Amino acid sequence: MTQQPVISVRDIVNRFGAQVVHDGVSFDAYRGEIFGIVGGSGSGKSVLLRTLLGLRRPDAGRVDVEGREITAMEQGELREVKRRYGVTFQHGALFSSLTVAQNVALPVVEALDLDEATLERLVELRLRMVGLPVEAAGKYPAQLSGGMVKRAALARALALDPALLFLDEPTAGLDPIAAAAFDDLVLYLRDTLHLTVIMVTHDLDTLARTCDRVAVLVDGQVIVDTLEGIVANDHPWVRQYFHGARGRSVVASLEGRHGA
Amino acid sequence: MGFQAQCDETRRTLLLTGDCRMTDAATLEHELARWRSSAGAEAVLDLVGGGEFDIGPAWLLHRALADLGCAGASVRIEGPVPGHFRFLDELLVREQALAAAATSPAHDPPLVTLGKSIAGHASSASAALAFGGRSLETAAAAWTSRKRLRIPSVVRHAYETGVQAIPVVAVIAFLISVISAYIGAQQLRPFGAEIYTVDLVAIGVLRELGVLLTAIMVAGRTGSAYAAELGVMKLNDEVDALESMGLDPYEVLVLPRVLGLVIALPLLTIVADFMGLAGGGLLTRYLLDLPWPQFFMRLDEAVGSTTFWAGLVKAPVFGVLIALTGTLRGLQVRESSRELGRLTTVAVVQSIFLVIFADALFAIFFLEIDF
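Line order of the protein sequences matches chains A and B. Going by the working numbering, the first sequence opens with residue 1, and the numbers climb by one from there. Going by the working numbering, the second sequence opens with residue 1, and the numbers climb by one from there.
Among the hints, a few may not be true.
Said to hold, decoys possible - Covered stretches of chain B, as calculated for chain A (at least 3 residues, CB under 8 Å): (1) 19-26; (2) 54-67; (3) 354-361.
What the hints contain is simulated information worked out from the structure, not anything from laboratory work. Computed from a predicted structure; not experimentally measured. C-beta atoms are modelled at their ideal positions from N, C-alpha and C, and glycine is treated no differently.
Pulled out of the complex, with its shape left as it was, chain A reads as follows:
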């Protein structure tokens, strides 16, 4: 790939006191790519995500978004770049005192000066994009099912037409049908909008179905490859992850994907 990466991570080091979480993590993600991040508990997935989101400054290394180094930016400039981000959190993080429509409208209201009718139209678009029914607009997050919360969170993340979409455990806690539907949705949005999606997930099925490339965090380092390449890797943790009881079916399905 000769094009410029949307997000480029170079030699990230993160430590907490004596504990080194990341010791030189590097990868690039390109436009229209779904990029998975996996790792065991405590391997620093959330710290990495927070670093990419600009919520945490790494102790060393740099992160470039669309060619601009965010790790060296002032707060104000960083805020501009963050407008290019869409983020969903593991538990949705919808504002519980706002309706779904107000949640989706919030980033737009804060960033742009639009009249009520236009806002309504844009909210309608986002809800349509994630496939939420119109009745959901006036509901409060607590009145939604888990799958709908994730969709609403995605609608809010898409509100400002981001170039980069970060999904933290997008399918955790969903039933297999809802999880598969969410995978389809992410694939559909990627295919039609050419979004770059960075996804932290433990869901092996999601990983196999959606991700073009995967970064595995082990021992403070990162192994980046296509899923097939990762599966073939002989690092002990990676072997355990993909060749354990749960991983085997994914490996099997990968072979199926090759056949198709």
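Following the hints, put chain B in place on chain A, whose structure we already have.
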């Protein structure tokens, strides 16, 4: 390339040039509105110089075109349409997609709002009564079994609401009695009756101020803590978890808090009484130069056998009121963090109100029975 939108109303032509980002949505919508409202059978959309569109503005343009179509105008498009139009057409035919979404829930007419508010208050009052009854029932049932009384939990709450509140309650009681003694002495001096400052402070503090101020402090401190604590538990489904284990939240959560406060509040009141008398004594000693023996003699004469008890007997009642209000409001929290804040406020305001109201009833009652 920067985005520009220009509407020529006389020719009903909209000229869009450059890349249209989400940030250009306001500019775009402004020109679209002018374009839509301008007159003419044929509208022209000039996209020859147009660049890439974000999906948000593309949607606004797409909708504007549909509106114009509905209004019976024919639209001629010059240049390439935004690439997202195909995606948007697809969206519109997808089956989940339905009619327009409302940004905010519908508002009721004023009369309905009034009715709903009255009904809400009525059901809130009956819920409070039911809650009190249920707690009493639980207390009666738990009384027979030490295990169900949950003594460690009761002690913890008595400690947190009582012992930890001693410094603030002591200081407040001391200061208030100094203030009332000072004002009393000033008013009584012209009559040569300064000595009665002792009566004023002693009766005031023991009968009313000591217990009332303590209860109000505790309502602010503990009432809010109870409501917030139980509210968060409720939001985290912890209360449901308890119930699913076959435990009674009234027994596990409400009763220990009520009992804890019923123990703590009288003890705090004694502290407040003592500090109040000390404050009054110090002031009369040094402002009125009243020697200590005389102060104690006056105090002994002023304070009847019932004065101290008339204050103290109210403390457990206030404790029950504060604890029940706090726990009830906490358990009423549902769904959102805003509810938590609202109900915590309600808990404090209502428990202070209830304390003062109950104090008024006590005053009338004591007057009637000459206590």
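Going down the list of hints, with the structure as the test:
As drawn, the region 19-26 of chain B meets chain A at 5 residues by the rule of a beta-carbon pair under 8 Å; at three or more, the given contact holds. Proximity of the region 54-67 of chain B to chain A, defined as three or more residues with a beta carbon under 8 Å from a beta carbon of that chain, is established by the 6 residues found. For the region 354-361 of chain B, the proposed coverage by chain A is not satisfied: 0 residues have a C-beta within less than 8 Å of a C-beta in that chain, short of the threshold of three.
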